[in-house]
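Note that the protein sequences, when read in sequence, are chains A and B. Using this note's numbering, read the first sequence as starting at 294 and increasing by one per residue. Using this note's numbering, read the second sequence as starting at 439 and increasing by one per residue.
These are calculated hints, taken from the structure and not from any lab test. We put the CB at the ideal spot given by N, CA and C, even for glycine. Possibly wrong hints are sitting among the right ones.
Stated by the list, open to error - Here are the computed lysine-lysine pairs in the BS3-like style, where the Cα-Cα straight-line distance is at most 25 Å: (1) K518(A) - K465(A); (2) K550(B) - K487(A); (3) K726(B) - K482(A); (4) K689(A) - K465(A).
Stated by the list, open to error - Pair ranges (Cβ atoms, derived): (5) F498(B) - D629(A): 51 to 61 Å; (6) R514(A) - N618(B): 46 to 56 Å; (7) P506(A) - Y526(B): 37 to 47 Å; (8) T448(A) - W621(B): 24 to 34 Å; (9) R600(A) - Y526(B): 50 to 60 Å.
Listed below, chain by chain, are the residues.
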Amino acid sequence: MQKNRRHVIKSIGAAAASAIGAPYLNLAHAQGASIPIGVALPMTGNAGAYGPDMAEAAKRTAAKINAAGGVLGRKLELFIEDSESSAAVAANLSQKFINVHKAQALVGYWGTPEGMSSRPIAIQNKTVLMVSSAANAITEGDTQGYVWRFQMKATDWGIVISRATIDKLGFKSVGVMGLQNAFVLPIMKVFEEKMKAAGRTVVDSLIYNPEQPSYRAEVERVFGKKPDAVFCFGLLPDFVSIMKEVYRGGFDSKVVALSIMADAEGKFVQAVGPQVAEGIRHFQPMPDLAAPGYKRFLQLMGAPADRVYLFPPNTHDQLAIAALAMEKAKSPVAADWHKEIIAVGNGPGPQVDDIAEALKLVKAGKPVNFQGAGSTCDFTPNGDQIGRGMGQWIIKGGKSVFVEYAKP
Amino acid sequence: MISFLILMSIVVCFSAILALALNFQWGQGGMVNFGLTGFYALGAYAAALLMLKAGANTFFAALGAMAVVGVVCGLVALITLRVTEEDYFAIVTLGVGEMLRLLALNEDWLTKGALGLAGIPRPFGDSIAPDQYQYFLLGLSLALLFGTYAFLRLVTRSPFGRLVRAVREDDVVAATLGKNVLWARVRIFAIGGAIIGLAGSMHSIYYQYIDPTQFTNIVIAYAFMAVIAGGRGAHLGTILGAGVVMVLLEGSRFLKDAIPRLDSDQLSAIRIIIIGVGLIALLIWKPKGFFQEYRLKA
Chain A
294 MQKNRRHVIK
304 SIGAAAASAI
314 GAPYLNLAHA
324 QGASIPIGVA
334 LPMTGNAGAY
344 GPDMAEAAKR
354 TAAKINAAGG
364 VLGRKLELFI
374 EDSESSAAVA
384 ANLSQKFINV
394 HKAQALVGYW
404 GTPEGMSSRP
414 IAIQNKTVLM
424 VSSAANAITE
434 GDTQGYVWRF
444 QMKATDWGIV
454 ISRATIDKLG
464 FKSVGVMGLQ
474 NAFVLPIMKV
484 FEEKMKAAGR
494 TVVDSLIYNP
504 EQPSYRAEVE
514 RVFGKKPDAV
524 FCFGLLPDFV
534 SIMKEVYRGG
544 FDSKVVALSI
554 MADAEGKFVQ
564 AVGPQVAEGI
574 RHFQPMPDLA
584 APGYKRFLQL
594 MGAPADRVYL
604 FPPNTHDQLA
614 IAALAMEKAK
624 SPVAADWHKE
634 IIAVGNGPGP
644 QVDDIAEALK
654 LVKAGKPVNF
664 QGAGSTCDFT
674 PNGDQIGRGM
684 GQWIIKGGKS
694 VFVEYAKP
Chain B
439 MISFLILMSI
449 VVCFSAILAL
459 ALNFQWGQGG
469 MVNFGLTGFY
479 ALGAYAAALL
489 MLKAGANTFF
499 AALGAMAVVG
509 VVCGLVALIT
519 LRVTEEDYFA
529 IVTLGVGEML
539 RLLALNEDWL
549 TKGALGLAGI
559 PRPFGDSIAP
569 DQYQYFLLGL
579 SLALLFGTYA
589 FLRLVTRSPF
599 GRLVRAVRED
609 DVVAATLGKN
619 VLWARVRIFA
629 IGGAIIGLAG
639 SMHSIYYQYI
649 DPTQFTNIVI
659 AYAFMAVIAG
669 GRGAHLGTIL
679 GAGVVMVLLE
689 GSRFLKDAIP
699 RLDSDQLSAI
709 RIIIIGVGLI
719 ALLIWKPKGF
729 FQEYRLKA
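Chain A on its own, in the form it takes in the complex:
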């Protein structure tokens, strides 16, 4: 028995040592001439649909930067990991990126929980955190210049959606259903305030919980009041359940949602069928499809000209801005280059939308105002992105038809 127990412990010890020691096999590779960058993306979990394209964008952007001579003569080396759409996993990943790979930039971070849990880690370790999440709280308070948002702030989503509703959609009465989620609540608040200020009636406002087996009670409460339209703010899984209940109940109100709910890379129509999806309008912050930076990004991805990427352009811009700021600061250390983010994003300097060309200018000591694929890459001093707009679509015959693009 004693011998057997020792044997078990030895085996476990060996397994643990090999798992833990594995990175040392590659350590020279990780810490040599390259500049390590941690990329945390949702490959699984409730946002798992978005990670793979963002990872592909990160790889192609890094390859383009490296082909253009890299940064400070060194190549970017990406460490892409699955954040599992979870705050705790993202925090552990951030620790791994910083302590194992010695990363000075943490990019990706799709959701608010991932961003919020990694924020104190980034600030304490003086490492730049670049997020794609919307909740206002990400950049609130003293971030010491280490937290940067590559996404429209949640309150701005509410401004654009309410303006389109008041000016163009003509709904006199609306109901609002929102998922209990950190980025949804500021959107709802602003939307309702603007609607009431414009003299429209908000017949009901309801916050629902995630992962319920059914939303029948919630749907009957809001849709039962027969508003002209019901605005739903949430995520794909809950919206699929909601729309099935709406269809079953035979309600007439128009439905307006976010594209991460009503499109989600085509997964919504696949889940409910074109008949249920017909006529749903959806909004989402998106790149300016007419911008040269976005067109160049489509070429980089090898995608057709009508392809709409919502989040991968943000990942491209995060890497591009990090590379430019490092090059401008002449240092890969975040404590040095985080101060140059506004200089390369906002200018002054000529507007350049190609990262290779922008790097060439910065290397030559010239100023540059980088225009990204997802936005114009302009920032406020506290790290919020300005210059990103919002798209509006309507589902017709199972396809999302583009309506308009607007900025806050």
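Since chain A is already given, all that's left is putting chain B on it; use the hints.
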């Protein structure tokens, strides 16, 4: 790398304390706790709120969290006095745990809802140099893990420890011998609850940010894995089990660095398979876990 290993060791410590609590409640006492995530969240939120809103220091916040979770667990055991079947008790705990999780998500005025609580202070955060802090936190975590283990070892070998196992094996026999089974169950669940409160406090101190997404049912799965792999009822085995689960979870991330051809999305898919296969292999090879529970020798 050393820093990362230290930080992951801290995570192992509070995961092991959580698993020890489950081992005491279920492994030794036979009270299945499927509401573990809810109680763990209660501990984390209680400690964080005591620090952020009541201005308590870490020590009193952790004590407060242990008291809160201990009392709530005791009450759950008390109100389910007629539910003596393991399966039914499990359903009750599942319901209570889910209720606690939904309270954390929806009571914005107290918990800030989905946004979560940020800026949770750490003990001696101002007086210890940032680069030395991880060593302090590891030392503290190891001390708490050892303290919890020593306490449970003492309890297991005490007359009460024998009562705990007797209630698990056959509560009718225990009652026939004059033991107050209801009171024993209340104490078992409350003691386990207090330990869950300690683990929750450590979670909030380590991450400095808590939100409802951190408390999903996967926490229960990992805790049960640790207890089953370690050997149901065996405290030392449970600690080892928690360590193995964490090595499988976090260590498997390094496969990509060792095998560069492995893609990140491929890895994320096969990681869970690796963990599952590892545990299945372990249970085939060692079906009773690493260690067996303490038995009084004649």
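Going down the list of hints, with the structure as the test:
1. K518(A) - K465(A): Holds, at roughly 13 Å.
2. K550(B) - K487(A): holds, 24 Å
3. K726(B) - K482(A): violated, 55 Å
4. K689(A) - K465(A): Given pair K689(A), K465(A) holds - Cα atoms ~23 Å apart, limit 25 Å.
5. F498(B) - D629(A): 51 to 61 Å: For F498(B) and D629(A) the Cβ distance comes to about 41 Å; the hint is violated.
6. R514(A) - N618(B): 46 to 56 Å: This hint holds: roughly 48 Å between Cβ atoms.
7. P506(A) - Y526(B): 37 to 47 Å: Since the Cβ atoms of P506(A) and Y526(B) sit about 21 Å apart, the hinted range of 37 to 47 Å is violated.
8. T448(A) - W621(B): 24 to 34 Å: violated, 54 Å
9. R600(A) - Y526(B): 50 to 60 Å: Cβ of R600(A) to Cβ of Y526(B): about 54 Å, so the range 50 to 60 Å holds.
The structure does not agree with the numbered hints 3, 5, 7, 8 stated previously, though it agrees with the rest.
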